[in-house]
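Using the hints provided, position chain V relative to the given structure of chain S.
Protein chains: 2
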Amino acid sequence: MGDPRMKKVREAALMASADELEATFYEAMRQGDLVRLMSVWADDEEVACVHPGGPRVVGGTAIMETFEAIFSNGPVLVSIEQVRRFQSVSCAVHHVLERVQGMSTDGMHTAFVLATNVYVRSEKGWRMVLHHASPGREQDLPEVADFAATVH
Amino acid sequence: MGDPRMKKVREAALMASADELEATFYEAMRQGDLVRLMSVWADDEEVACVHPGGPRVVGGTAIMETFEAIFSNGPVLVSIEQVRRFQSVSCAVHHVLERVQGMSTDGMHTAFVLATNVYVRSEKGWRMVLHHASPGREQDLPEVADFAATVH
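Line by line, the protein sequences give chains S and V.
Position one of the first sequence corresponds to residue 330 (our numbering), numbered consecutively onward.
Position one of the second sequence corresponds to residue 330 (our numbering), numbered consecutively onward.
No lab work stands behind these hints: they were computed from the structure.
Remember, predicted model here, so these are calculated numbers, not experimental data.
Identical chains blur together in the list; that is why a pair holds if it fits in one copy or across any two.
Calculated pairs, SDA-like style, for lysine to any residue (alpha carbon to alpha carbon, straight line, at most 20 Å):
#, residue 1, residue 2
1, K336, E394
2, K336, E397
3, K453, Q416
The following block holds chain S by itself, in its conformation from the complex (with noise of 0.2 Å):
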């Protein structure tokens, strides 16, 4: 990865928390940008991707080939909601709900898809090493939990 562009995100990247890095990997996901997208996974070959109904992806370069195919057809209208975090010092488990919106032929549908991203804080700051996105639904289902929900 040596591009110049890649450098500078991937550096400011290395600045971010979880919550940040969680921001900018969706916003690129809503502006296609593969390569903004990519800076904020960790550089390991055991980084894992599961995509809705999707096999389990490892590896840098074959998630970014998976999302590299997924912005062929434009950018994903994604943003989220309901987030749930288990934080520890070094590793942070976020839970999210993701709304979808894509146009077929009859009109914009909205897919909700519950995910879970990993982060990793190592020497280099924190980084993603998980996103496993369960099959969408036309419906949200709702959460079952021990306490109210504190999401927002």
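Just chain V, lined up with the frame of chain S:
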């Protein structure tokens, strides 16, 4: 959780590695042993679980209730294969392929489920904080990876 057996199995879980916790988790599934299964989870209100096709379930009590409902139909004949691990000092992200066998009116069926399990090490030892399982498939989807799988 004042149950004396719970206390004992929790103490055993505190000494375990992420791999040992994972073995205990799936063994407890095969035994339909709710106390043992819950012993691997962190005592944190943000632990979360997504069963295949299900909603997000957050918190130990809510998670326990889902497994109780599952076990009311008997133990789960599940084994894991193709384990991939991202490991840092205090966070382990495991990717597994679950092979689940179930009986229906026309005989025994096998489903393949992609699952992500996350373990975090605290001062109390390693504990599970996430189980996210995608819906089952009749066929295993081959993994896409940068490097030849070194899984076992």
